[in-house]
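Visitor: Working from the sequences, and respecting the hints, build out all of it.
This is what each chain is made of:
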Amino acid sequence: MSIMLFFVLAMSEPEYEVEELTLNEFWIHKTFQKNEYDLVVIGDSRVYRGISPKHLAKESGLRVFNLGYSSGGMAEPLFSIAERSIATSVKPVILLGITPHSLTPVGLSNKQLNRLMGEEHPAEIDSESSGMMRWFEPYRPSDYLKPRSDSSKFDEFNHYYRNGWCASHSPKDDPARTLPIYRKNFAGNTVDSAAYESLTKRVKIWTANGISVFAFRVPSTEQMEVLEDSLSGFDASFLKNQLILSGAKWLDFNSKDFRSYDGSHLHFESAIEFSERLGKMIHAELSNQSPREN
Amino acid sequence: MLFNSLTFLVFAICFFALWPIFNQRKNSRWTYLTVASFTFYGWWDWRFLFLIIGSGLIDYISALAMEKWPSRKRAFLWFSLIGNIGSLSVFKYSFFFASIIDALFVFVGIKTNLQHHIPSFALILPVGISFFTFQSMSYTIDVYKGQLKPTSNVLHFFSYLAMFPQLVAGPIVRAKDLLGQLSEKRTTNWLQRWHGVKLIVFGLFQKTVIADNLGVLVDTAYQGKTSIDNGLFWWIVLIAFAFQIYCDFSGYSLMARGLAKLMGYHFKMNFNHPYLAISLRDFWTRWHISLSSWFRDYVYIPLGGSRKGFWRGIVFMSITMIISGLWHGAALTFIAWGAIHAFFLAIERLTGWTKSAPTFLVRIAVWVQVLVAWNYFRAGSISQANEIVAKLWGNWEQFEQIKELFYDPLFFLLMTILIELSIYLRRRNPSIRALYARWYLDTPAVAVAMAAAIYLRGPSANFIYFQF
Numbered sequence: 001m002s003i004m005l006f007f008v009l010a011m012s013e014p015e016y017e018v019e020e021l022t023l024n025e026f027w028i029h030k031t032f033q034k035n036e037y038d039l040v041v042i043g044d045s046r047v048y049r050g051i052s053p054k055h056l057a058k059e060s061g062l063r064v065f066n067l068g069y070s071s072g073g074m075a076e077p078l079f080s081i082a083e084r085s086i087a088t089s090v091k092p093v094i095l096l097g098i099t100p101h102s103l104t105p106v107g108l109s110n111k112q113l114n115r116l117m118g119e120e121h122p123a124e125i126d127s128e129s130s131g132m133m134r135w136f137e138p139y140r141p142s143d144y145l146k147p148r149s150d151s152s153k154f155d156e157f158n159h160y161y162r163n164g165w166c167a168s169h170s171p172k173d174d175p176a177r178t179l180p181i182y183r184k185n186f187a188g189n190t191v192d193s194a195a196y197e198s199l200t201k202r203v204k205i206w207t208a209n210g211i212s213v214f215a216f217r218v219p220s221t222e223q224m225e226v227l228e229d230s231l232s233g234f235d236a237s238f239l240k241n242q243l244i245l246s247g248a249k250w251l252d253f254n255s256k257d258f259r260s261y262d263g264s265h266l267h268f269e270s271a272i273e274f275s276e277r278l279g280k281m282i283h284a285e286l287s288n289q290s291p292r293e294n
Numbered sequence: 001m002l003f004n005s006l007t008f009l010v011f012a013i014c015f016f017a018l019w020p021i022f023n024q025r026k027n028s029r030w031t032y033l034t035v036a037s038f039t040f041y042g043w044w045d046w047r048f049l050f051l052i053i054g055s056g057l058i059d060y061i062s063a064l065a066m067e068k069w070p071s072r073k074r075a076f077l078w079f080s081l082i083g084n085i086g087s088l089s090v091f092k093y094s095f096f097f098a099s100i101i102d103a104l105f106v107f108v109g110i111k112t113n114l115q116h117h118i119p120s121f122a123l124i125l126p127v128g129i130s131f132f133t134f135q136s137m138s139y140t141i142d143v144y145k146g147q148l149k150p151t152s153n154v155l156h157f158f159s160y161l162a163m164f165p166q167l168v169a170g171p172i173v174r175a176k177d178l179l180g181q182l183s184e185k186r187t188t189n190w191l192q193r194w195h196g197v198k199l200i201v202f203g204l205f206q207k208t209v210i211a212d213n214l215g216v217l218v219d220t221a222y223q224g225k226t227s228i229d230n231g232l233f234w235w236i237v238l239i240a241f242a243f244q245i246y247c248d249f250s251g252y253s254l255m256a257r258g259l260a261k262l263m264g265y266h267f268k269m270n271f272n273h274p275y276l277a278i279s280l281r282d283f284w285t286r287w288h289i290s291l292s293s294w295f296r297d298y299v300y301i302p303l304g305g306s307r308k309g310f311w312r313g314i315v316f317m318s319i320t321m322i323i324s325g326l327w328h329g330a331a332l333t334f335i336a337w338g339a340i341h342a343f344f345l346a347i348e349r350l351t352g353w354t355k356s357a358p359t360f361l362v363r364i365a366v367w368v369q370v371l372v373a374w375n376y377f378r379a380g381s382i383s384q385a386n387e388i389v390a391k392l393w394g395n396w397e398q399f400e401q402i403k404e405l406f407y408d409p410l411f412f413l414l415m416t417i418l419i420e421l422s423i424y425l426r427r428r429n430p431s432i433r434a435l436y437a438r439w440y441l442d443t444p445a446v447a448v449a450m451a452a453a454i455y456l457r458g459p460s461a462n463f464i465y466f467q468f
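These protein sequence lines are chains W and C, in that order. For the first sequence, the positions run 1 to 294 when my numbering is used. For the second sequence, the positions run 1 to 468 when my numbering is used.
No lab work stands behind these hints, which were simulated from the structure alone. All values derive from a computational prediction rather than experimental measurement. Built from N, CA and C at the ideal position, the CB exists for glycine as well. Certain hints may be false.
[What the hints assert, rightly or not] When the alpha-carbon atoms are kept at most 30 Å apart in a straight line, the in silico BS3-like pairs for lysine-lysine are as follows: (1) W:K58 - C:K403; (2) W:K146 - C:K391; (3) W:K280 - W:K91; (4) W:K184 - W:K204; (5) W:K172 - W:K54; (6) C:K225 - W:K34; (7) C:K176 - C:K308; (8) W:K172 - C:K225; (9) W:K249 - W:K111; (10) W:K54 - C:K308.
[Claimed, not checked] Chain C residues, not near chain W, derived (Cβ > 10 Å throughout): (11) A17; (12) G54; (13) K185; (14) T187; (15) R193; (16) H195; (17) R312; (18) F316; (19) A339; (20) W393; (21) G394; (22) N395; (23) R427; (24) L456; (25) R457.
Guide: Here it is in structure tokens:
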């Protein structure tokens, strides 16, 4: 009877644990974990707050990890970490969460990530299971029994999860809160045209190596997009064309469809919805492709 | 090597595969058990083996010397006690006592700085030192009292002292209960083996499903990782900790008893559903029975017990409870835990209120006393514990947020309470008890517990009592 139960439970493959971490554990784990994934999403804080790997995985059927960093830029060492994380996948995918700031010199310097890489960390970073051990991943009752939260009842929170996502909530939305900060951020720090070139070059290498690349502009608010487009020197349609020519797929979203609590980052409920939509779109695109031969 | 690890699974499979071969003769049995147990213990750090061997040899030699020179047996008992308490003092209490002495001298204006002069080896706490030291001491004390004949075979002695199922976290098995069993060739039938497996599975369930899942909530709360900080939250945390520590330790004891049963040995029950107690005194006859009876027989009764009058009895009980607190750890929080129990036990003795009050109210009051005491046991400092006690009487809001953040631990807490409730009903109602014994309920219960131990397990954590 036990064997029967084991069989049924193992075959239904429980979801990966998305245990909560402290802020420091969150960054250390994100940087030094050595698990194998099929899809990694890279970018800045809009990515790590705006994309829930659990919900993206549910719709895409892939093993997903969020590699968003504070002021993360489309450059090294983020690219190398992304490549390492999907190195063994037969269906590797890199998802580029583009924001204008991620292509500015400040973004491209990847200050936070470079600092983290020099930090001491435990020799054994807790890892998720792979191979046959995945059959023994534990179930969490909340994944099956808990109704979706009504966030209006909560105070402000940031929940840091092991899969790289930070669920953020503020009881009162203030879409103008971060506008002055971004106005300041782009003073003397505009999009570097060389960044387009280096990104498209890397995308060409990835696609040539059988990695599927998807790119999208991370939704925020209309006001924020107007501000970014006017101050950052970011040219969304130019980048979109360049990336498509390099072999990437561009996914379009409208910021109006989502809720941002501070004008820049998605509220966790919107992040879940956005991740599910992303997952569905990627699944549809990948269904038409054959897996990479290793 | 943890009972809930793959390494132990491999170890146990190898051990039990060869057990029938080595179990045939006394010497091979004792040698096999000793070698296997030393391997089990040395897996943490082989250097600790010198401690258990050294401490064991002191008692082995002392007991033989007592038999050979009865007129000097008191001196040999002192030799054994100094050896055992000495090693405990060095490895477990040296830093604690040094910090107290330093603080006292600072108070009179002298800087001693003893803490920084303690050799680094004494700062390492060997796993299970309090358990095997107490077990070893009970052997010499029983020989001294003439209640036990010492064994002349050193392997016989070490197969008792180091027997791997109970070595690091009890139960504290007395030599008079186990040495005799080890002398015989004990065989097991299918029913006994089934009972052994059942104990292991239920123990594993208690540890991995209940204790480890509740630990998420308790650790988050005591490490201050959450912004929720009100009365309702702390009551939930305290109840969760009460069940976490119970299931963690009771789970280990069940697994130890199950493993011993598979070898054909019998260990006494160590927990008897303590949260169903109808007085604090009753609680102590159900909680960590092997340790509380050890303190009763080797501390409380030798001090004078209740034979020397009512008030002295209370003083002796208080001393015993405070030493019991100190046994758990070298910190003021553990002493406070023992003192709180002593205080409530004294009130119970003085007033006898638990005998006259309605049972339902008594149960709740005992619960509150035990929970408040657990808070001091778990807290990082006395001041943290005091702050939490002050918050307990604060507001009772934010349940929605607690549920949102800790849905899984709350789920397992509710499940645990329902399981305890079903045990309570089973004990009160013979027909329910008979129903549980039927194979068509008994077997699926084991199967479900086994699957749950894998698929509902919490984040892996050490056994709490290993640190003692």
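Visitor: Each hint: holds or not?
Guide: Now for the hints, and whether the structure bears them out:
no.	hint	in the structure
1	W:K58 - C:K403	24 Å, holds
2	W:K146 - C:K391	29 Å, holds
3	W:K280 - W:K91	16 Å, holds
4	W:K184 - W:K204	34 Å, violated
5	W:K172 - W:K54	26 Å, holds
6	C:K225 - W:K34	26 Å, holds
7	C:K176 - C:K308	28 Å, holds
8	W:K172 - C:K225	23 Å, holds
9	W:K249 - W:K111	28 Å, holds
10	W:K54 - C:K308	67 Å, violated
11	A17	21 Å, holds
12	G54	32 Å, holds
13	K185	31 Å, holds
14	T187	26 Å, holds
15	R193	16 Å, holds
16	H195	17 Å, holds
17	R312	51 Å, holds
18	F316	46 Å, holds
19	A339	33 Å, holds
20	W393	22 Å, holds
21	G394	16 Å, holds
22	N395	14 Å, holds
23	R427	27 Å, holds
24	L456	6 Å, violated
25	R457	5 Å, violated
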